[in-house]
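For the record, the sequence lines run as chains A and B. Numbering follows my numbering, in which position 456 of the first sequence is assigned residue number 456; successive positions increment by one, without gaps. Numbering follows my numbering, in which position 15 of the second sequence is assigned residue number 534; successive positions increment by one, without gaps.
No wet-lab data here; the hints were simulated from the structure. Misleading hints may appear alongside valid ones.
[To be verified] Below, a list of computed lysine to aspartate or glutamate pairs in the EDC-like style, where the Cα atoms sit at most 20 Å apart:
id : chain 1 : residue 1 : chain 2 : residue 2
1  : B       : Lys630    : A       : Asp259
2  : B       : Lys630    : A       : Asp406
3  : B       : Lys640    : B       : Glu659
4  : A       : Lys507    : A       : Glu475
5  : A       : Lys486    : A       : Asp369
6  : B       : Lys665    : B       : Asp555
7  : B       : Lys640    : B       : Asp607
8  : B       : Lys550    : A       : Asp237
9  : B       : Lys522    : A       : Glu15
10 : B       : Lys640    : B       : Asp606
11 : B       : Lys550    : A       : Asp259
12 : B       : Lys635    : B       : Asp598
13 : B       : Lys522    : A       : Asp441
14 : B       : Lys550    : A       : Glu12
15 : B       : Lys640    : B       : Asp623
16 : B       : Lys665    : B       : Glu633
17 : B       : Lys635    : A       : Asp441
18 : B       : Lys665    : A       : Asp237
19 : B       : Lys600    : B       : Glu612
20 : B       : Lys608    : B       : Glu633
21 : B       : Lys658    : B       : Asp677
22 : B       : Lys640    : B       : Asp555
23 : B       : Lys630    : B       : Asp598
24 : B       : Lys658    : B       : Glu604
25 : A       : Lys486    : A       : Glu12
26 : B       : Lys630    : B       : Glu612
27 : A       : Lys486    : A       : Asp406
[Unchecked claim] Selected chain B positions facing chain A (in silico; Cβ < 7 Å):
id : residue
28 : Gly528
29 : Ile530
30 : Phe536
31 : Ala537
32 : Gly541
33 : Tyr549
34 : Leu566
35 : Phe632
36 : Leu634
37 : Ala667
38 : Phe682
39 : Arg684
We put the CB at the ideal spot given by N, CA and C, even for glycine.
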Amino acid sequence: MSLLAATRSVFERTEIAFDGAFGGADNPLRHLGALGLFFLWILVVSGLYLYTVLDTSIDGVYNSIDWLTREQWYLGGVMRSLHRYASDAFVLVMFLHLLREWAYGRYHGFRLYSWVTGVPLIWLVFISGIGGYWIVWDRLAQFSAVATTELLDWLPLFNGATARNFLAPDLINDRFFTVLVFIHIGVPLMLLLGLWAHVNRISRVDYLPSRRVMLATLAAFLLLAAVKPAVSEAPADLAVVATGLRLDWFILFLHPLTDLTSPAAVWALIFGVTILLFALPFLPHPARQDIAVVDAPNCNGCSRCHVDCPYEAITMAPHPDKRGHQIAIVDADLCAGCGICAGSCPSSTPFRSQQTLVTGIDMPQQPVDVMRQQLETGLAKLTGRHRLVVFGCDQAADVRPLAGTDTVAISLICAGMLPPSFIEYALRSGADGVVVAGCRDGGCEFRLGMEWTRERLTRRREPNLRQLVPLDRIEIVPVARGEDSKLATVVAEFRRRLETTPETHSKIPAFTRRTQHHG
Amino acid sequence: MAKPAAIIGQIVLYGAFAAFIGYFSTNPIYKQIPDDVALVKLSMSHLGGRECRKRTAEELAKLPPNMRAPLDCPRGRSDTKIVLELDDKPLYEVIMHPTGLSRDGVGTVFKRFELKAGTYKLAARMNDNLVNPGYNFVKEEQITLKPAQVLVIDFNPDQGGLFFRQAKN
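Here chain B stands alone, though its shape is the one from the complex (with noise of 0.2 Å):
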C-alpha cells in the first residue's frame, strides 16, 4: 500500500504532466504575420518557350517524307523572367530554369511577400523566351490587401496569362 505523502506525489506529478501535456497542446498563440499585414504570394510553374526555324525546302527534301516537319524546334526551353513591381517599384524579379537533363522541364517558382493591408499598383511581368527583348506577358492592376488576405500571382494561358488571384473584397 502506498503511503500517504506517495500518493498525494503521484497526484501532484501526473497533475503536472496533464497541465504540460494540455497547455504546449494549444498555447502560446502562434501569429504567423501581424494583425495588419496581408499575403502575396507568387507561384508559377511555366513551360519556357524554345526558337524554332522553318526549314528551307532543300532541308526538307533531304529527309525522309515521314519527317518532313516544316519547323525545326530544339528540346531544351528557354529560361523564363519575372518582375514584380509594386507601386512602380522594384519588388522582385526571378529567372526560372527550366529543369531536367535536357532542359526541357518546367521551371517554378514560389515566393511570398508580406506586405502592410492597403491599396498598391501591382505589376508582373514575364518573358518565357529570352531571345526577344522585353515581355510577352504583362498584368498590372491597383489591389486592395485587407489584413491577412491572400493574393496570388499566378500563369494560366486559359486566362489570358499572368493573372492575380484574390478572393472577392
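So that you can see chain A by itself, here it is in the shape it has in the complex (with noise of 0.2 Å):
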C-alpha cells in the first residue's frame, strides 16, 4: 500500500470512527476547513482586545501585556489564552486540512487553484504566528527572534544584518515593536485576502462549521484558559541566552530543529517542501474524468445545474438556437466531471420516449441513457419475489456486489448525478424499493452530491421526486468506501421491511415507456 492511500486509509477509518460520535455534519474532522477559519474568528477578535492595551515601548508591551495577564485575568486574561490556544489549533488544523486534501488526492485537476493558493497561505500563517509571539517580548520572544535572524542571516538576502539587531538590550527601541505590531496585523489581513482567493472558485463554501462544533471547540479553549491560563516568560534580557523555555511547538518548532540540524538544512526543508507542495499538482496522479458536455437542442436554460454545480464550473449564456432562453456552459478547467449537473437536469428523465435518452447536460463517461438502458435491462432480468434496484455512488460503499437475480446495482459517478426521476421509473417498471447509496454526511467526493440527493428525494429541491411516488419504498444511505457490508446489511433490512409490507400497500401505477425510432 503506497503512503497515499495508507494515509488516506487512516483519515477514512477515523472519520467513521469520529462519525459514531459526532455525526458527519458535526465531526470536526470532515469540516477541518471551516473550523480553521473559526478559530480564525477567534483569534481576530481576542487580537483587537490584546491591541487595545497594547502599550508599544520597550517596558510597556511587556507590561501591558503580563498586568492584563495577572490584573484582568477574566478577561484580558482570557483573551490572551483564547488567543494562544486558537492560534495552536490554527496550525494544528491547517495541517490535518492539508494532509487530508493530499490523501484524498484533491491537489490536481479543478482543484488545483485551491491547491496552489493554499500553499502559500502557510508562509503567512507562520509569519503572523512567529511575529505575535514576538510582541510579548518575554524570554521566548527573545529566543524566537535571534533565533528567526540567526536562520534569515544565513540566507545571501540578508547576509547576516538582521541578527546584529538583537545583540544587545540597547539595540532595540520602541518604533521596534510598532513595526511588529503592523506586521502582525498586516499579514494576517493578507492571510484574509489569501483565504479569499483560496475557496474562491468553490461555491457554498463552508465558512463555518456547525454552531455545535463552534460551540464545543470555544468551550475546550475557554477551559483551557482557565486551567493553564496563558502567561509570558521572564522579560527579555539579550544579555543572557534564553533558555529553559516554554516552548510552543505548534508554531515555534523551527527553531529547536534549527539547532538540532543547521539553517541550511531547515532552508532546504522549507524551500523544498514549499516546491513540492506547489509542485504537486504537476506531478504524475490519476487521469481526470471527462467532464460535463451541454447538448444544445436539450438544454432548456432552467440554470438548475449551474445552482447546485459545487464547483461553479457552469455559467449561463444566451443560447445560441432559441431566442430568449439561455444555455449551460461548461469550463473545462473547472469542471470536476461529478455528473452533478445530469442529475439536475429536467431533461434526464427516463420517462421520455425518445429511444436513444439525450439530456441538456450529461457525462460521456455514464451518459443517462446507459443508465436507463442498465435499469431496464436489469429489471427485465429480475425474477425475485421482491426486487430492488440499488443506485451507488463510485466514491462510496461498492453497491455491485449486491447485484442478483432480485437486485439491480447501478454505480454512479457520484450520487448526485441521480436525476429523481430514476427513482420513480424503477418503481413503475417493477421494482418493489430503491437503495441510493453515497457519501457519509460531510464526506461527499464532490462536496454537494449527497447533500443535493437527499434534497431532491425529500422534495426540498428541484428537480423534486414527485409527490406520488412512497418515501417508504426509498431508502437512503450514507455509507463509505469499504463499509461495503455495512450496505449489505441496511439493504437486507431494508428487503426484509419491504417483505412485510402489504404487497398492495403505497405503489404506484406501472409504466411502461412508449418507445420511437426517430429520436
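Each of the two chains sits in its own frame; use the hints to bring them together as a complex.
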C-alpha cells in the first residue's frame, strides 16, 4: 500500500469512527477548513482586544500584556489564552486539512487552483504566528527573535545583518514594536485575502463549521484558559541566553529544528516542502474524469445545473438557437466531472419516449441513456419476489456486489448525478424498492452530491421526486468507501421491511415506456 | 438527540483535543544550551579598507581642475581577516568578503560559540586591509562568563575598534 493510500485509509477509518460520536455534520475532521476559519475569527476578535491595551514601548509592551494577564485575568487573560490556543489549533487543523486533501487526491485537475493558492497561506500563518510571539517581548520572544534572525541571516539576501539587531538590550527601541504590531496585523489581513482566493472557485463554501462544533471547540479553549492560562516568561534580556523555555511547539518548532540540524538544512526543508507542494499537482496522478457536455437542443436554460454545481464550473449564456433562452456553458478547467449537473437537469428523465435518451447536460463516461438501459435491462432480468434497485456512488461503498437475481445495482460517478425521476421510473417499472447509497454526511467526494440528492428525494430541491412516489419504498444510505458490509446489512433490512409490507401498500401505477425510433 | 455514548465520545474527543493543544503549546521545555554554558557571538559588519595611491604632479596636471583629487582610490574594498583565540589557542578564523558586484559593500560575519562558564583569555584580531601584513585591530581581555551569559565580539571605530560587549557581572 502506498503512503498516500495508507494515509487515506487512516483518515477514512478515523472519520467513520468520529461519525459515531459526532455524526457527519458535526464531525470536525470532515470540516477542517471551516474549523480553521472559525479559529481565525477567534484570533481576530481576541487580537483586537489585546491590541487595545498594548503599549508599544520596550518596557510597556511586556508590562501591558503582563498586567492584562494577571490583573484582568477574567477578560484580558482569557482573551490572551484564546489567542494562544486558537492560533495553535489553527496550525494543527491547517496541517490536517493539507494532509487530508492530499490523501484524498484533491490537489490536481479542477482542484489545482485551490491547492496552489493554499500553499502560500502556510508561510503567512507562520510569519504571523512567530511575529505574534515577539510582541510579548519576554524570554520566549527573545529566543524566537534571535533564532529567526540567525536563520534569516543564512540567506544571502540578508547577509548576516538582521541578527545584529538583537545583540544587546540597548539596540532595541520602541519603534521596533510599532513595526512588529503593524506586521502582526498586516500579515493576517493578507492571510484573509489569501483565504478568499483559496475558496474563490468553490460554491457554497462552509465559512463556519456547525454551531455545535463551534461551541464545543470554544468551550475547549475556555477550559484551557481556565486550567492553564497563557502567561509570559521573564522579561527579555539580550545579555543572557533565553533557555529553559515553555516553547509553543506548534508555531516555534523551527527553532529547535535549526539547533538540531543547521540553518541550511532548515531552509532546504522549508523551500523543498514549498516547492514540492507547488509541484504536486503537476506530478503524475490519475487521469481526470471526462467533463460534462451540454446538448444545445435539449438544454432549456433552466440553470439548475448552474445552481447545483459545487465548483462554479457552469455559467449561463444566451442560447444560440432559442431566442430569449439561455444555455449552460461548462468551464473545462473547473469541471470535476461529477455528474451532479446531469442529476439536476429536468431533461434527464427516463420517462421520455426517445429511443436514445439525450439530456441537456450529460457525462460522456456514463450518459443518462446508458443508466436507463442498465435499469431497464436489469429490471427485465429480475426474478425475485421483492425486487430492489440499488443506485450507488463510485466514491462510496461498492454497490456492485449486491447485484443478483432480485437486485439491480448501478454505480454512478456520484450519487448526486441520479435524477429523482429514475427512482419513480424504477418503482413503476417493477421494482419494489430503491436504495440510494452515497458518501457519508460531510464526506461527499464532490462536496454537495449526497446533500443535493437527499434534498431532491425529500422534495426540498429541484428536480423534486414527485409526490406520487412513496418515500417508504426508498432508502437513502450514507456509507463511506469500504463499508460494503454495512451497506449489505442495510439493504437486507430494507428488503425485510418491504417483505412485511402488504403487496398493495404504497404501490404506484406501473408504467411502460412507449418507444419511438426517431429521437 | 445524541445518544449518551455519543455524548461521552464527544466529551472524550474534545477533551483529548484540548489536552493535545494545551500540552504542546508549552511542553516539552526547551533548553537551547546546557545549564553551565555561556555564549560568545562574533557579529560584525565592516567595510574593508582600500589602498589609495597619491597622484603625481604630472597626473594631477592632466586632470580637469575640478577633478584633481590628490588620492586615487579604487572602488573595491579589501577582504577583512578576523582571528579569534581562546586561552592562546586558535578558536576561529574567517575572511569577510566585501559584498556587491564591485566588491564595495560591507562584509558581515555571524558566528556563535558555546563555552563552559568560567574565566578565559579571549583575543580578537582583525586586519581590514590585506595588502598590509599583521593586524591593525587587536583586542585581548580576561573574560568571565556566567552560565547563559552572552558576550558579543563586535567592531565599532567610535569605540576604539574591536570590543567585547558583555553585561556587567
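Each hint tested on the structure:
1. B/Lys630 x A/Asp259: Holds, at about 13 Å.
2. B/Lys630 x A/Asp406: 79 Å, violated
3. B/Lys640 x B/Glu659: 7 Å, holds
4. A/Lys507 x A/Glu475: 15 Å, holds
5. A/Lys486 x A/Asp369: Distance ~30 Å between A/Lys486 and A/Asp369 Cα, so the pair is violated.
6. B/Lys665 x B/Asp555: 8 Å, holds
7. B/Lys640 x B/Asp607: It holds: about 7 Å lies between the C-alpha atoms, which stays within 20 Å.
8. B/Lys550 x A/Asp237: 16 Å, holds
9. B/Lys522 x A/Glu15: 18 Å, holds
10. B/Lys640 x B/Asp606: The given pair, whose Cα atoms are some 5 Å apart, holds under the 20 Å limit.
11. B/Lys550 x A/Asp259: 10 Å, holds
12. B/Lys635 x B/Asp598: 32 Å, violated
13. B/Lys522 x A/Asp441: At roughly 18 Å apart (the allowed maximum being 20 Å), A/Asp441 and B/Lys522 satisfy the hint.
14. B/Lys550 x A/Glu12: Violated - the C-alpha atoms of A/Glu12 and B/Lys550 are around 39 Å apart, more than 20 Å.
15. B/Lys640 x B/Asp623: 34 Å, violated
16. B/Lys665 x B/Glu633: 12 Å, holds
17. B/Lys635 x A/Asp441: Judged against 20 Å, a Cα distance of about 61 Å means the pair is violated.
18. B/Lys665 x A/Asp237: OK: B/Lys665 and A/Asp237 at ~14 Å, within 20 Å.
19. B/Lys600 x B/Glu612: Within the cut-off at roughly 7 Å; holds.
20. B/Lys608 x B/Glu633: 16 Å, holds
21. B/Lys658 x B/Asp677: Status holds; Cα separation ~15 Å.
22. B/Lys640 x B/Asp555: 18 Å, holds
23. B/Lys630 x B/Asp598: With Cα atoms ~18 Å apart, B/Lys630 and B/Asp598 stay inside 20 Å; holds.
24. B/Lys658 x B/Glu604: At roughly 10 Å apart (the allowed maximum being 20 Å), B/Glu604 and B/Lys658 satisfy the hint.
25. A/Lys486 x A/Glu12: Holds, because 15 Å separates the two Cα atoms, which is no more than 20 Å.
26. B/Lys630 x B/Glu612: 11 Å, holds
27. A/Lys486 x A/Asp406: Given pair A/Lys486, A/Asp406 holds - Cα atoms ~19 Å apart, limit 20 Å.
28. Gly528: Cβ of B/Gly528 sits 3 Å from chain A, so the hint holds.
29. Ile530: Where the cut-off is 7 Å and the nearest Cβ of chain A is about 9 Å from B/Ile530, the hint is violated.
30. Phe536: OK, holds: B/Phe536 within 7 Å of chain A, min 6 Å.
31. Ala537: This hint holds: B/Ala537 lies near chain A, its Cβ roughly 4 Å from the closest one there, short of 7 Å.
32. Gly541: 5 Å, holds
33. Tyr549: At about 4 Å, which falls below the 7 Å cut-off, the nearest Cβ of chain A leaves the hint on B/Tyr549 intact, so it holds.
34. Leu566: 13 Å, violated
35. Phe632: Violated, about 12 Å.
36. Leu634: 12 Å, violated
37. Ala667: 5 Å, holds
38. Phe682: Violated: closest Cβ of chain A sits about 11 Å from B/Phe682, beyond 7 Å.
39. Arg684: 5 Å, holds
In this structure, the earlier hints numbered 2, 5, 12, 14, 15, 17, 29, 34, 35, 36, 38 are contradicted, and the remaining ones agree with it.
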